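A.B. asks: Quick note, the sequences are listed as chains A and B, same order. The first sequence begins at 1 in my numbering and counts up one residue at a time. The second sequence begins at 1 in my numbering and counts up one residue at a time.
No lab work stands behind these hints, which were simulated from the structure alone. In this text the structure is predicted, and so the values were computed from the model without any measurement. A couple of the hints might just be wrong.
To be verified - Coverage of chain B stretches by chain A, computed from C-beta distances (three or more under 8 angstroms per stretch; other residues unrestricted):
1. 101-109
2. 131-138
3. 153-166
Each residue gets a CB set at the ideal place from its N, CA and C atoms; glycine is no exception.
Protein chains: 2
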Amino acid sequence: MNVVTHIHELKELIQQHQRKQHSIGFVPTMGFLHEGHLTLAKEARDHNDIVVMSIFVNPLQFGPNEDFESYPRDMNRDQRLAEEAGVDILFTPDVKEMYQGEPSITMTVQKRADVLCGKKRPGHFDGVVTVLTKLFHLIEPTKVYFGLKDAQQVAVIEALIQDFFFDLHLVAVPTVREADGLAKSSRNVYLSERERQEAPALYKALKQGEVAVEKGERDPKRIYQLIEKELLQTSGEIDYIDIYSYPELEPLQHLTGKVILAVAVKFSKARLIDNVIFHVPESGEKLV
Amino acid sequence: MNVVTHIHELKELIQQHQRKQHSIGFVPTMGFLHEGHLTLAKEARDHNDIVVMSIFVNPLQFGPNEDFESYPRDMNRDQRLAEEAGVDILFTPDVKEMYQGEPSITMTVQKRADVLCGKKRPGHFDGVVTVLTKLFHLIEPTKVYFGLKDAQQVAVIEALIQDFFFDLHLVAVPTVREADGLAKSSRNVYLSERERQEAPALYKALKQGEVAVEKGERDPKRIYQLIEKELLQTSGEIDYIDIYSYPELEPLQHLTGKVILAVAVKFSKARLIDNVIFHVPESGEKLV
């Protein structure tokens, strides 16, 4: 595995692979790798000639009250895990390498940003699309890999690719789950024993919503109530229960097309999120 | 010459050339080609395996009171001229092909935009960088060609390329001039006979400024006065005389580094612009 910190080194390696017409799978991360990242890397490994991973804690996507400085970093461990996952090139630039002075041109996400987790993080996705535009230009990937756990991020990046005609394919990788359905997350270790037992309720609630839609329910209010009822049985505090079209993330009066059901629940020391995305069956069509 | 209107056709042709590792010279235009465009095309022809020209009147770079609808178009003539200039692929999309619905993500030029001609065209360069980002992604040029007649546009596009790490080289082609120094422009035909005789004063004034700097003058106010004195001898109305660092386009108290002297003069039926860009000799160093 090549570990490079400078853009010119990265580009030299990328050009070598381009000359051989190699397909490039790209996994952008902020490091402190967990199973989710490694699943993305393995997926990239299986479907591309080479795998590039970036580790860059992007200051532009942190708000003034967010934890940029204290965001966890462990480069030695990350390097080992990336190499084990089959990464060929690990790009670990510092902030100066990625942001050379005040920008002359900025990007602003006008849609899909001000809902779900983005509601409380103004400017977050502006930072995400800016750094990804730079990384896409440096790495020129054939495919780029993101986890559906952060379905809003996937929706925004689909918009980025479509709006600006990026010549690459986004692969949205399904959320990896524990045996009891709980979405894997580095934050699960902060749950108390009781909370850990309650936490599968998020996925259970979402699945109940999905099943109700399959059975013919099309009223988002009724789906909301079903999900809420299940979540109220936990000791957590419901942050949001949202039902939107996907990937547009627009509210629906009547469920149709592709939809997302998404929840966030605050436990004592961890805020958990989860979602399900599915096609609503044609209207009138009851599966039971 | 291949003339293509659809993105998928364009990409197919581009991919054929990429497989052959051809270098691609790109000349973006809004059509109604004149000698300036053809100079860019010839420059591209001389230094690349293939030449791609786009003709697209980009609505996003026109203000609400500007002449998008009435902007001159003559596709038949343009096709002939492009072919004669050695263009291999002429891309002529319609608006729907380039803008598929309301954008989710926008670009804003924060620097270099609100000076010179951009002062009176808010949003103009936002439209320019948006459409160029799309075109760069579709065409993946090795080199892209712009005329230095519009030096502000060149400065903004240099910022675009630098800020977002576009993997391409901008070639800024010097302004083509008549024998008497007047910058060539489609608008020169609107000058009266007397105005046509006066019009070389723009370049003469700029060169006087440049010579004064070469001789040791570093005070922008004195350079301004020199240029103004020359322009006041014409019947035109001075729109602006600006002296900035280049390509940053920031005001200078004392001339140093690379600078631009730029003027705009309104004659009865034509507004003419011109500029000179040069390195200021090291301080203290008098050439005379």
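A.B. asks: Going through the earlier hints one by one, which of them does the structure break, listed in rising order?
C.D. replies: Of the numbered hints, all hold.
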